[in-house]
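Protein chains in written order, with the working numbering: chain A, 1 to 270; chain B, 271 to 784.
Rather than coming from a laboratory, the hints here were simulated on the basis of the structure. It cannot be assumed that every hint is accurate.
Okay, the calculated beta carbon distance ranges per label pair [said to hold, decoys possible]:
1) B:Thr-649 x A:Leu-161: 40 to 46 Å
2) B:Gly-679 x A:Pro-197: 16 to 22 Å
3) B:Gly-592 x A:Ser-119: 27 to 33 Å
4) A:Ser-119 x B:Gly-594: 29 to 35 Å
One-sided excerpt, in silico: chain A residues whose CB lies under 10 Å from chain B [claimed, not checked]:
5) Ala-12
6) Asp-16
7) Arg-61
8) Leu-98
9) Glu-105
10) Leu-113
11) Val-116
12) Ser-119
13) Ala-136
14) Pro-207
15) Glu-210
Here are the computed lysine to any residue pairs in the SDA-like style, where the Cα-Cα straight-line distance is at most 25 Å [unchecked claim]:
16) B:Lys-538 x B:Gly-549
17) B:Lys-776 x B:Thr-698
18) B:Lys-705 x A:Gln-202
19) B:Lys-460 x B:Phe-442
20) B:Lys-705 x A:Trp-201
21) B:Lys-705 x A:Pro-197
22) B:Lys-776 x B:Thr-718
23) B:Lys-509 x B:Pro-498
24) B:Lys-776 x B:Arg-734
25) B:Lys-776 x B:Glu-723
26) B:Lys-348 x B:Ser-395
27) B:Lys-705 x B:Phe-745
28) B:Lys-541 x B:Glu-580
29) B:Lys-705 x A:Cys-198
30) B:Lys-348 x B:Leu-597
31) B:Lys-776 x A:Arg-93
32) B:Lys-705 x A:Glu-199
33) B:Lys-398 x B:Leu-320
34) B:Lys-500 x B:His-381
35) B:Lys-509 x B:Lys-460
36) B:Lys-776 x A:Arg-61
37) B:Lys-398 x B:Asp-346
38) B:Lys-398 x B:Arg-420
39) B:Lys-500 x B:Glu-513
40) B:Lys-500 x B:Gln-539
All C-beta atoms in this analysis are idealised placements derived from N, C-alpha and C, irrespective of residue type, glycine included.
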Amino acid sequence: MAGNGSSAGTLARLRDRIARIETDHGGGMPGRASLGHEKADAVLQGGLARGAMHEVFAEGRHSAAASGFIAGLAQRVCANRPLLWVRQDFAARESGALSMRGWRELGLDPCLLVTVHASDVESALRTAADALACDAFGAVVMEIWGETRLLDLVASRRLTLAAGGSGVTGLLLRVAATPLPSTAETRWIVRPARSPPCEAWQAWGAPVFETRLVRNRHGQTGQWIMEWSCDECLFRDVSIRDAQTHPQPVAAAPADRPDRARVVALRRAG
Amino acid sequence: MLRSGEPAETCDTQSRSTKTKETSPRIVVAKQNNGLVITALDDAAARIGLAIGQPLANARAICPDSEVFDADETADSKALSGIADWCDRFTPLVALDPPHGLLLDITGCAHLFGGEAALMRQLCSALKRQGFDVSAAIAGTSACARALTRHAHGRIVAPGEEAGAVAALPVFALGADDAITRGLRRAGLKTVGDVAARGRHEIAARFSAAFTALLEQALGQSDAPINPRKPLPDFIVEKRFAEPIATDGAIARTLAGLARTLIAAMEKQGKGARRLEAGFFRTDGAVRIIAVETGRPVTRGETIDRLFRERLDALADPLDPGFGFDLVRLSAVRTDLVVQEQRDLDTHVRDNDEVAALVDRLAARIGSQRVVVHLPQDTHIPERASFPVPAQQHLAAAMRAEWPARIEGEPPLRPLRMFARPEPIEVTLAEVPDKPPRHFTWRRVTHTVVRAEGPERIAMEWWRTQEVRPTRDYFRVEDEAGLRFWLYRDGLYNEAAGNGEAVPPKWFLHGLFA
Numbered sequence: 001m002a003g004n005g006s007s008a009g010t011l012a013r014l015r016d017r018i019a020r021i022e023t024d025h026g027g028g029m030p031g032r033a034s035l036g037h038e039k040a041d042a043v044l045q046g047g048l049a050r051g052a053m054h055e056v057f058a059e060g061r062h063s064a065a066a067s068g069f070i071a072g073l074a075q076r077v078c079a080n081r082p083l084l085w086v087r088q089d090f091a092a093r094e095s096g097a098l099s100m101r102g103w104r105e106l107g108l109d110p111c112l113l114v115t116v117h118a119s120d121v122e123s124a125l126r127t128a129a130d131a132l133a134c135d136a137f138g139a140v141v142m143e144i145w146g147e148t149r150l151l152d153l154v155a156s157r158r159l160t161l162a163a164g165g166s167g168v169t170g171l172l173l174r175v176a177a178t179p180l181p182s183t184a185e186t187r188w189i190v191r192p193a194r195s196p197p198c199e200a201w202q203a204w205g206a207p208v209f210e211t212r213l214v215r216n217r218h219g220q221t222g223q224w225i226m227e228w229s230c231d232e233c234l235f236r237d238v239s240i241r242d243a244q245t246h247p248q249p250v251a252a253a254p255a256d257r258p259d260r261a262r263v264v265a266l267r268r269a270g
Numbered sequence: 271m272l273r274s275g276e277p278a279e280t281c282d283t284q285s286r287s288t289k290t291k292e293t294s295p296r297i298v299v300a301k302q303n304n305g306l307v308i309t310a311l312d313d314a315a316a317r318i319g320l321a322i323g324q325p326l327a328n329a330r331a332i333c334p335d336s337e338v339f340d341a342d343e344t345a346d347s348k349a350l351s352g353i354a355d356w357c358d359r360f361t362p363l364v365a366l367d368p369p370h371g372l373l374l375d376i377t378g379c380a381h382l383f384g385g386e387a388a389l390m391r392q393l394c395s396a397l398k399r400q401g402f403d404v405s406a407a408i409a410g411t412s413a414c415a416r417a418l419t420r421h422a423h424g425r426i427v428a429p430g431e432e433a434g435a436v437a438a439l440p441v442f443a444l445g446a447d448d449a450i451t452r453g454l455r456r457a458g459l460k461t462v463g464d465v466a467a468r469g470r471h472e473i474a475a476r477f478s479a480a481f482t483a484l485l486e487q488a489l490g491q492s493d494a495p496i497n498p499r500k501p502l503p504d505f506i507v508e509k510r511f512a513e514p515i516a517t518d519g520a521i522a523r524t525l526a527g528l529a530r531t532l533i534a535a536m537e538k539q540g541k542g543a544r545r546l547e548a549g550f551f552r553t554d555g556a557v558r559i560i561a562v563e564t565g566r567p568v569t570r571g572e573t574i575d576r577l578f579r580e581r582l583d584a585l586a587d588p589l590d591p592g593f594g595f596d597l598v599r600l601s602a603v604r605t606d607l608v609v610q611e612q613r614d615l616d617t618h619v620r621d622n623d624e625v626a627a628l629v630d631r632l633a634a635r636i637g638s639q640r641v642v643v644h645l646p647q648d649t650h651i652p653e654r655a656s657f658p659v660p661a662q663q664h665l666a667a668a669m670r671a672e673w674p675a676r677i678e679g680e681p682p683l684r685p686l687r688m689f690a691r692p693e694p695i696e697v698t699l700a701e702v703p704d705k706p707p708r709h710f711t712w713r714r715v716t717h718t719v720v721r722a723e724g725p726e727r728i729a730m731e732w733w734r735t736q737e738v739r740p741t742r743d744y745f746r747v748e749d750e751a752g753l754r755f756w757l758y759r760d761g762l763y764n765e766a767a768g769n770g771e772a773v774p775p776k777w778f779l780h781g782l783f784a
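Whole structure, please, built from the sequences with the hints as guidance.
Here it is in structure tokens:
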């Protein structure tokens, strides 16, 4: 009897493990992918929702930082599944094409990246909608430069439905554009932040972003300065690193300011 | 399927449409031996005694009001290949026999059209309707058929009777070059039969072995294979319509049906299609071929159907049915053996299959060059370090590729975004040699460098190119707003140019860090 009991226990344990493996991999991927940044994860209630659309906006000159941020998000969401990056031809002319060596330097794997060069927004949208319906991908990034009327509420809803149906996460990178109404789960505004101060001989230049979560359908918004850790493949708070390298308190970096310093025009007297 | 060089048929087409409504004779002239000579004419011209080969001056003297056109060889050969496309409906083996002929290998095809005579009748009447003047013949060898078309239109020669059929024809009919034909006539050999009666060694000694070979082929004693325009597809399925179809729905249904038939045929041999071609034959003779390539062998009818739907939707010049298509053909031009993989246990196999299927679909719509994966290259020139290749063909290779590992603990040393051609920047401040700039202007915005790291010197690969290109010194810099750039100086400071004078180095922006 005792033998029977232990084997039943083993069986139950095995079943439990199989169930866990299955939920980890199959079908609609589990709910949320943690970013690694504790405060952001807390606001997002555990991380970025899978099977939904997320938007990242940036100014034209901040496109590289925004690409880095969205690549990080895609990496967190994908977890070793292939990634499809749809880009408009114009975006490559304006801010350069993705460099695979640079991709590798961010700690990401170029083997899992398929890139689509779309000639225009319409073709990019169609490609993204097709890819979102294919559940072999972990995420689909759509990079669209400039204002466009094609990306309206209807298009956004179509993408959201496709993402919801397959469990693939859609990430929309909008450079040099103003936000329009959409059905996206979250909306971020990203700009690069200065590297934390350090000695001249120390390594600097890790991707640091000033991120603002301006919209969150199921929670609060917030803003954080995040650093993408290329070795661990997660976002983390810059202050953690600062605490290690600079034990003394450091004045807030200028990038922290929501607005740039204002220049006040002075009229000459007389 | 077909053995080339069995009964072949030549149809000699005057590739000029002859619409003889007006009575004034029309002739086409071309320059030969420094004089304008008639190369083609219509019935009206033939009736008044004009003939091919006559000088234009003579023709003008006979009939001053004849209309004269310049020969356009390009248009002629285009028309001929158009007719050849149309002839694809009778057999997949169609060869050009310039300037005015086509050779069709109809071995094993004739019964589909009710026999050889019926096939020839159908072909001739259809071409006549399109406005071409046709003469055709069927014989066991291509040389024999070619000889017969010129002089005995509509003749069908049974196997073994070639020698008798061509015996009465003039030697000109053999189509050998002018010198040989003239030589034969001078020797008193007027007909093919006369030539055949002489000993082969005599003929070979006088007129070369090539002519003897031609003669033997015309007599049916040996055969030369024809040279078809397109390779023979592995599988062909087609559907003919008594009533031409023109609507999208009907075309889609036809293609879907054909795809099922094709898959059934390929399945028996364990094959899958890698390249498919759909041919749409319009009633007025125009033929449109649309091809689709796939990354891995396709074994499902729905996939074929879907690929063609994507392709047809995305065509720059849509399929124009005109008065309708009377024949739709689907052929698997290239096929591969299908390797059965165990799918159920390994989810990665399934995932990769789905990715490949999506890539095929996207490639069908927007072109395979636009769906890419990257392969690492063994070079340290930054812009050549990775090579984009079509995902359709290289997906598996790219997924296995080994990329150089990053150095732990270092920030990214290569930018995430790189410009295809480095953008020139203005470095305003005179600098200490071998130091990064303090300010630079890119796209009309001046950036002040706060931090810089470098130089990382990259010499160009002199062993690959002949031309000497300057060494680059790369710098990683960050400006006061936190933007991170990858700059380089093209050439070294105080580097002497060819004439011994120092050239100021140029600065470029090559990439942007995240």
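Hints versus structure:
no.	hint	verdict
1	B:Thr-649 x A:Leu-161: 40 to 46 Å	holds (45 Å)
2	B:Gly-679 x A:Pro-197: 16 to 22 Å	holds (19 Å)
3	B:Gly-592 x A:Ser-119: 27 to 33 Å	holds (29 Å)
4	A:Ser-119 x B:Gly-594: 29 to 35 Å	holds (33 Å)
5	Ala-12	violated (23 Å)
6	Asp-16	violated (20 Å)
7	Arg-61	holds (7 Å)
8	Leu-98	holds (6 Å)
9	Glu-105	holds (4 Å)
10	Leu-113	holds (7 Å)
11	Val-116	holds (5 Å)
12	Ser-119	holds (7 Å)
13	Ala-136	holds (4 Å)
14	Pro-207	holds (4 Å)
15	Glu-210	holds (8 Å)
16	B:Lys-538 x B:Gly-549	holds (24 Å)
17	B:Lys-776 x B:Thr-698	holds (11 Å)
18	B:Lys-705 x A:Gln-202	holds (18 Å)
19	B:Lys-460 x B:Phe-442	holds (9 Å)
20	B:Lys-705 x A:Trp-201	holds (16 Å)
21	B:Lys-705 x A:Pro-197	holds (21 Å)
22	B:Lys-776 x B:Thr-718	holds (18 Å)
23	B:Lys-509 x B:Pro-498	holds (23 Å)
24	B:Lys-776 x B:Arg-734	holds (23 Å)
25	B:Lys-776 x B:Glu-723	holds (19 Å)
26	B:Lys-348 x B:Ser-395	holds (21 Å)
27	B:Lys-705 x B:Phe-745	holds (9 Å)
28	B:Lys-541 x B:Glu-580	holds (23 Å)
29	B:Lys-705 x A:Cys-198	holds (20 Å)
30	B:Lys-348 x B:Leu-597	holds (22 Å)
31	B:Lys-776 x A:Arg-93	holds (21 Å)
32	B:Lys-705 x A:Glu-199	holds (18 Å)
33	B:Lys-398 x B:Leu-320	holds (22 Å)
34	B:Lys-500 x B:His-381	holds (23 Å)
35	B:Lys-509 x B:Lys-460	violated (49 Å)
36	B:Lys-776 x A:Arg-61	holds (23 Å)
37	B:Lys-398 x B:Asp-346	holds (17 Å)
38	B:Lys-398 x B:Arg-420	holds (17 Å)
39	B:Lys-500 x B:Glu-513	violated (29 Å)
40	B:Lys-500 x B:Gln-539	holds (23 Å)
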